[in-house]
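Peer 1: So you can see what is in the structure, the chains are spelled out below.
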Amino acid sequence: MENMESVSNEEGRTDQFPVGMRVLAVDDNPTCLRKLEELLLRCKYHVTKTMESKKALEMLREKSNMFDLVISDVEMPDTDGFKLLEIGLEMDLPVIMLSAHSDYDSVMKGIIHGACDYLVKPVSLKELRNIWQHVVKKNIGSYKKIIAPSRHLLPTSEYAPSGSGKRKEKADDSGDGDDDSDREEDEDGSEQDGEESSNRKKRRVVWSQELHQKFVHAVQQLGLDKAVPKKILDYMNIEGLTRENVASHLQKYRLYLKKLDEGQQHNMSQDAFGSRDSSYFHMAQLEGLRDYSSTRQLSSSSLLTRSSLTKFHPSVYSSVNLQGSNSSSFIPPGHHQSSSSSANPFGTYHSPLLARSQNVNLSPLEPLQFPRSKCSPFMGDFKGIADRGIGSSFLDSRMSFGSSSTSLPCATSNNLMLQENFGVSDGNQSCLNGLSSFPSHHSWQGNLKTTTRFPSHSLPLNHAFGQDQMTCGGTGLGDYNTSLVSADSHVGVLQCEPPFLGDFMQNMNTHKWEEQNCTMMNNTFGNVDYPLPVDNNIVFRDNNATRSKGVDDSLMMSPIEDSATTLNSRECVGNVTMMDPEMRSSTKLENDLVDNQHDVFDDIMNEMLKQDENNGMVSVAARFGL
Amino acid sequence: MDALVAQLQMQYRNYTVSLYQQGFLDDQFTELKKLQDDASPDFVAEVLSLFFEDCVKLIGNMARALDQTGTVDFSQVGASVHQLKGSSSSVGAKRVKGLCITFKEYCEANNYEGCVRCLQQVDIEFKALQTKLQDMFNLEKQIIQAGGKVPQVDIN
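These protein sequence lines are chains A and B, in that order. Read left to right, the first sequence gives residues 1 to 626 (the UniProt record's numbering). Read left to right, the second sequence gives residues 1 to 156 (the UniProt record's numbering).
Just chain A, with the same shape it has in the complex (with noise of 0.2 Å):
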């Protein structure tokens, strides 16, 4: 979780939380997903919207601080809405479902789950503007330490200068040595305040080598994407290891498999190296797997015994935040197999390090601690920047803000956010402008409150950056990113990475979902005097040509009716008739008005009326245009 640095680095998640908040939110319908949307935008969230599960998984393994809350359906029919529910509980976020059932059941399991809330659909603005509260919740510790004082929402006598506050939950790391960030420890500080922590406090856990191989081995037996931190705790049957220990674990885990089946995959230039490994290495650590010298073959023998494991150096813990990867890249261990060029899954990684690890004594086996998750510049992957050719240094990235692999993060995942947001932009035009509208003069997080919406009649935005026109190559992305460089130096604030500049391109070139929204937003709803072109992709009826079948003949239920009309619709027709004078003035208007407008109407709407006035009785299928 957030350490308090990284919650009063964050504007906008302090002076004007929860304005600015981080909503991810998942729910397969399109229509119920855009309504969801801009109720979240117009409680002022930052929302990130997706439909599908799978992404949603992805988004929050590669981006765990990245979100504060999650907000899903759980009836998706092709996605579990528990599964994300699990997640987002592995990553102690609050997630909270959305149903159209109201029943008991489905409530009361909803709530089982580990739901922080269940609200039924559809959902109300008011409801929505209240879902802060579970993220506070979740983070009680650092609010209460940071901003309630600021807000002045405590009594006074709690008020403590937050340096006491600090040091108070300093003192409960002290046992840490050098890692000031174990994750433990946050669950520590972040239920009491200190008189009351001593009374609850929490076992340290410490992964020792046993302990990760009996992780691992639950991990294999259940198969990593069954792998759900109840089921391993209970495989593992460990006292005191509670459930929330192994998901933190888990949640490390995943990411470094991932890192090693990108190891498999790429190249890495030795540049960007720097201490990104670490946290790929402590896993390793623990795998075992220190027999550099011995390059080649991988059995499974080599990657579990302890005689070759190297003493990690410890300054390189700080920095190092690990963050969940995508299990769908799991490699077993055991089952490495050499890839083609190098078996060693690191590649070329670990190379520079080697030299160093090599000078270091092997001493006995510490336990290792992970570091907590948390906010920095040093997470992620290579992948993207393997992808991009961005072959610049890494190392201390706190120091080297003017590299652009530390803005490029911040800048794509931005973009990701902003690009997923663009609902109500028009067409891939607005992707780009909503690139081009990432700041470069303010923080990204004062500036994301402004941009997050994008009228859909101008184009390009306001804010447009000097670069109008990008393109969705790397390149133009390349060119922009280095203009970021002397933005923002908040290093709690910079948790990007450069795999989102590759995420973000994949996003851009094939996510449907998103292509729709493009596509939805070059069609108007009808012929509606907004400034959008017009698209012919519109399923409308075409406006004049029924009219002038007349207005008297029921209007358009007539090309639609045939003999098993209902009385439903004969109603309707009684209905329609008694507007007859009303439509008759304005349609006059409408004709005289709207000769000159381009027919924004479809022909395939015209098609299925002529194709349901043909077939009578006909199969269902084919009365339905199919």
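Calculated cross-link-like contacts (lysine-lysine; reagent style DSBU-like; alpha-carbon spacing at most 35 Å): (1) B:34 with A:138; (2) A:126 with A:83; (3) A:54 with A:214; (4) B:104 with A:226; (5) B:33 with A:137; (6) B:34 with A:126; (7) A:109 with B:104; (8) A:44 with A:54; (9) B:34 with A:54; (10) A:55 with B:33; (11) B:34 with A:44; (12) A:44 with A:144.
Simulated from the structure, these hints should not be mistaken for laboratory data.
Given the coordinates of chain A, work out where chain B should sit on it, guided by the hints.
Peer 2: Positioned in the frame of chain A, the structure of chain B alone reads:
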């Protein structure tokens, strides 16, 4: 010009109110309108476009499912009905939503005839709504073209 605007606005108000009165629309549609503002001026049109596209797609799915020679997979039909119910409910397409409820019951009862009838009705209803809303939007457009503003219509 003002007289024209006033007339159009009145027509618009009346027409809109009638849509509610005739049960085409419900309060969710009102909510949708509330979400439209200067920052998202085409929101309603956009969502309704999505909805109508949804309708076409789902109706197609249902028709195909019901058209199987042999056994019909009612659960497949039901899944589409559920989706349609969700969308129609979220945009305030009251009649369509009502139909979906009935439709769902027929699916659960594996009632082929009932399902086919419902499907026809759904098709009719969504197209009717489409037409109505088209007219409503056209009125809006005319008002704007005549230099006026589209009035906020209070239902009840």
